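As a plain string of letters, each chain reads:
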Amino acid sequence: MLALGLEGSANKLGVGIIQHLPPTPSHPLPSSSSSPSPPTSTTAHSLKLHPHPLPPPQIRILANLRHTFVSPPGTGFLPRETAQHHRRWVVRLIKQALKQAAERLDCVCYTKGPGMGAPLAAVAVAARTVAGLWGKKVVGVNHCVGHIEMGRTITSSSNPIVLYVSGGNTQIIAYASHRYRIFGETLDIAVGNCLDRFARTLNISNDPAPGYNIEQLAKKGRRLLDLPYAVKGMDCSFGGILASIDVMAAELERAEREGGKWRVPGGDGEEKDVVTREDLCFTLQETVYAMLVEITERAMAHVGANQVLIVGGVGCNERLQEMMGLMAESRGGSVYATDERFCIDNGIMIAHAGLLAYRTGFDTKMEDTTCTQRFRTDEVYVGWRE
Amino acid sequence: MMPAQPSIQVSLPPPFNSHSVHDQSKTPTLLTQGAEALVFRTTFLTPSTPCALKYRPSKPYRHPILDKGLTRQRILAEARVLVRCRKEGVRVPAVLAADWEAGWLLLEWIPGWTIRRCLDAFLTPEDTESPSHRNDDNPRAAELKDLMRRIGLTVAHLHSIGVIHGDLTTNQQLPTSLAGTITLIDFGLAVQTTQDEDKAVDLYVLERAFAATHPAAEELFRGVLEAYGGAYNGGRQALKRLEDVRLRGRKRSMIG
Amino acid sequence: MAAVQALALGHLPGNPLFVGTFRDVKNVSFLRSQLLTGNPDYEYAFIDAEVILSTTHLLAACFRAINNLNANRLKTRNVHSEIVFALSPNNNIAESFRRFGLVDDTKHIVAIKVGMSTTPDITEESVRRHLMANVEGNAAALADATFAETGNVARIRKLYKIQDQSSAQPKSQKQPKLANGVTGPESKAGEDFNKVNDLESIILGLMALKGS
Numbered sequence: 001m002l003a004l005g006l007e008g009s010a011n012k013l014g015v016g017i018i019q020h021l022p023p024t025p026s027h028p029l030p031s032s033s034s035s036p037s038p039p040t041s042t043t044a045h046s047l048k049l050h051p052h053p054l055p056p057p058q059i060r061i062l063a064n065l066r067h068t069f070v071s072p073p074g075t076g077f078l079p080r081e082t083a084q085h086h087r088r089w090v091v092r093l094i095k096q097a098l099k100q101a102a103e104r105l106d107c108v109c110y111t112k113g114p115g116m117g118a119p120l121a122a123v124a125v126a127a128r129t130v131a132g133l134w135g136k137k138v139v140g141v142n143h144c145v146g147h148i149e150m151g152r153t154i155t156s157s158s159n160p161i162v163l164y165v166s167g168g169n170t171q172i173i174a175y176a177s178h179r180y181r182i183f184g185e186t187l188d189i190a191v192g193n194c195l196d197r198f199a200r201t202l203n204i205s206n207d208p209a210p211g212y213n214i215e216q217l218a219k220k221g222r223r224l225l226d227l228p229y230a231v232k233g234m235d236c237s238f239g240g241i242l243a244s245i246d247v248m249a250a251e252l253e254r255a256e257r258e259g260g261k262w263r264v265p266g267g268d269g270e271e272k273d274v275v276t277r278e279d280l281c282f283t284l285q286e287t288v289y290a291m292l293v294e295i296t297e298r299a300m301a302h303v304g305a306n307q308v309l310i311v312g313g314v315g316c317n318e319r320l321q322e323m324m325g326l327m328a329e330s331r332g333g334s335v336y337a338t339d340e341r342f343c344i345d346n347g348i349m350i351a352h353a354g355l356l357a358y359r360t361g362f363d364t365k366m367e368d369t370t371c372t373q374r375f376r377t378d379e380v381y382v383g384w385r386e
Numbered sequence: 001m002m003p004a005q006p007s008i009q010v011s012l013p014p015p016f017n018s019h020s021v022h023d024q025s026k027t028p029t030l031l032t033q034g035a036e037a038l039v040f041r042t043t044f045l046t047p048s049t050p051c052a053l054k055y056r057p058s059k060p061y062r063h064p065i066l067d068k069g070l071t072r073q074r075i076l077a078e079a080r081v082l083v084r085c086r087k088e089g090v091r092v093p094a095v096l097a098a099d100w101e102a103g104w105l106l107l108e109w110i111p112g113w114t115i116r117r118c119l120d121a122f123l124t125p126e127d128t129e130s131p132s133h134r135n136d137d138n139p140r141a142a143e144l145k146d147l148m149r150r151i152g153l154t155v156a157h158l159h160s161i162g163v164i165h166g167d168l169t170t171n172q173q174l175p176t177s178l179a180g181t182i183t184l185i186d187f188g189l190a191v192q193t194t195q196d197e198d199k200a201v202d203l204y205v206l207e208r209a210f211a212a213t214h215p216a217a218e219e220l221f222r223g224v225l226e227a228y229g230g231a232y233n234g235g236r237q238a239l240k241r242l243e244d245v246r247l248r249g250r251k252r253s254m255i256g
Numbered sequence: 001m002a003a004v005q006a007l008a009l010g011h012l013p014g015n016p017l018f019v020g021t022f023r024d025v026k027n028v029s030f031l032r033s034q035l036l037t038g039n040p041d042y043e044y045a046f047i048d049a050e051v052i053l054s055t056t057h058l059l060a061a062c063f064r065a066i067n068n069l070n071a072n073r074l075k076t077r078n079v080h081s082e083i084v085f086a087l088s089p090n091n092n093i094a095e096s097f098r099r100f101g102l103v104d105d106t107k108h109i110v111a112i113k114v115g116m117s118t119t120p121d122i123t124e125e126s127v128r129r130h131l132m133a134n135v136e137g138n139a140a141a142l143a144d145a146t147f148a149e150t151g152n153v154a155r156i157r158k159l160y161k162i163q164d165q166s167s168a169q170p171k172s173q174k175q176p177k178l179a180n181g182v183t184g185p186e187s188k189a190g191e192d193f194n195k196v197n198d199l200e201s202i203i204l205g206l207m208a209l210k211g212s
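Just so you know, the sequences run in chain order D, V and B.
Per the UniProt record's numbering, residue 1 is the first one in the first sequence, and the count goes up by one each step.
Per the UniProt record's numbering, residue 1 is the first one in the second sequence, and the count goes up by one each step.
Per the UniProt record's numbering, residue 1 is the first one in the third sequence, and the count goes up by one each step.
Isolated chain D (complex conformation) (with noise of 0.2 angstroms):
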């Protein structure tokens, strides 16, 4: 079966095909045939269908195309401008999709929410205005059921604690009886909107991405600074951090604007007391992926897993990864993370997570086929798990 995915929740357009492949003998998978799809289909939020799990599919990704918005050093992208650039480019990138992957389509996916309104409505009248087109059904996809599904599909991890970190979500998700559950999250920011806030402060390039450009920053710090540490429970919070850190790096820029160093105590001797926005970087990441890793750990102790899965756009950070690794390993355990096809916001996600509802039957009315700025990974029924 295939599914056409569009994604559009913050700035990157993503346009994805994926392809089920037919069942393996010895794993039957349904097919569209022997369940009928029902005559009126419910919307994702009232869902109650039965649960009808399917085996690990086996995929094939006939298209994964994203344009992502860039916009200038020291600014984030509005939703206006962004919604503006998605409306630009979809056609195209589905136009050329479409080249990639000529097969039938059986369903067209896009992302429901959570993330800013008008990108995400731009992109969803893009899906109605293509199913209506070519007559497909519509299934909308919560985004971050789009990343966990990617995520465990890619990397072949079965039931893994699943830490989702993006601009615009931080979770620690646990799966149980046809939900993902939400075991800890940010009280207030995303961590990768901290990260984002924090390049523009310094000017640092949003091309690829801010993160990114921190991360190979990050490489070249030494010395770290303290900041707060925001931990409590499985939950945690940026806010403070993010206030903390800008106030450093006024101070840093401050002191270069009056043609000298920045100097912080403590460094053990004159040039060690020199602090670079290198080293602001590396106290930054290493803070809060810190945080991270510990609020993941906690999840694992609670529910005896031992498998973490790394998912969103945060998740490509080496650092996070090698700390994650670090901390599975002297758990018995390991880490599973995408690179950057998977973990940044792409179409394939929606396409895979919302062919996965469609087998089991589920699908979007027209009239139902709308965004919304808030959905939570634990108001989806997830029907293809056991």
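Since the hints were derived computationally from the structure, they do not count as laboratory data.
Treat the hints with caution; some may be incorrect.
Only pairs whose alpha carbons sit at most 35 angstroms apart, straight line, appear in this in silico DSBU-like list of lysine-lysine [claimed, not checked]: (1) V:K68 with B:K26; (2) V:K145 with D:K220; (3) V:K145 with D:K261; (4) D:K232 with V:K87; (5) D:K220 with V:K240; (6) D:K232 with B:K161; (7) D:K272 with V:K68; (8) V:K68 with D:K232; (9) B:K75 with V:K87; (10) V:K87 with B:K210; (11) V:K87 with B:K158; (12) V:K145 with D:K232.
Keep in mind that this is a model prediction, so the values were computed, not measured.
Use these hints to put chains V and B onto chain D, whose structure you have.
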């Protein structure tokens, strides 16, 4: 107590790591392995004084400076809260010794059952036809009700001195006997605050823990709250806040 | 009465303790002068028994001092001075000696010698002989019963700034139900709060937190 999971790396900090035949104290035995602390049973000073050793091993993933700072901060926070509670007469394990450089805390050994075990014992009816807790004439039902009341009073006492447990579950309270004093344990996530919100979340976590323990336990929990509300000045206000916390389920609504 | 008791603390088998307890000591000034001049023969932890609540109180200080010694973290000159310092709830070394060590009018004393691998000639016998020859007092047992007689609980409370809860009760009249931490039938169970055992556990906690 949860059974200790098979562990990959179990090490002991000094001085507990160098055992010789001359030492009469027993080799510490691992009881629980949480996310950040290992709890062992061992002895303090003499072989006849049992105690709990709570060890926070260094985390290999953390920057050494950050690691040292956090370990120190958490051991001290826990020890300070415990000492504070003892001074104010709240029953908690006494702090016997601490070494925040090596990462350990020695605590008084508290014998007894967890509340969870008490509930399980009470609420598992021996005769299936009439569960004992339903029968108000049953002396056990009265005893159980009194246990709820005492849990409420104990938590109220803790909150009244400005301490929030932070991880209040039915595994964290030990009555020395069914009618005895309740001792609160595991203050690893405790904070000192007088905010209604924090108190309410503390109660909410306990409520969820009750609900998860036994279906009938949820009903019993009302007795806990009743006793709590009347026990100190801020009690009613905290209960009011608990209603808000219940509605939003502790979690915020999610913005993409 | 054995004048000197030898014991090893749990987990610290490499550092045996030799403890002499003496009541009504006549030559405290002499012992103190030996300490002040740094006479190596008098390298003991000399403690005023009046400020010792119990054996556990005393040994907890030894445990901390020996642990500091083995971790190379002594704050004072040697493990013996460290024991006296460990008894104090604060970081003022001079003050800890004034309050927990010997002063000229100290009556009852505890003398502790810590054995080390570098001092194999220090034995129970050598310590006993030395103390018996040089301390003019009545040997007593290292036991809670001794400290129950020699200890001054009011002074101990003052040193550690611990209020007597039974006398502090009227202060919290605003919350009468919680004045004793508990209400109704529980007060009975709670009565032992004010006993020595609880005072001891608070003191141990304060000693453990010292230096933080």
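- Message: Need the list of violated hint numbers for this structure, in ascending order.
- Response: Those not satisfied are hints 1, 2, 3, 5.
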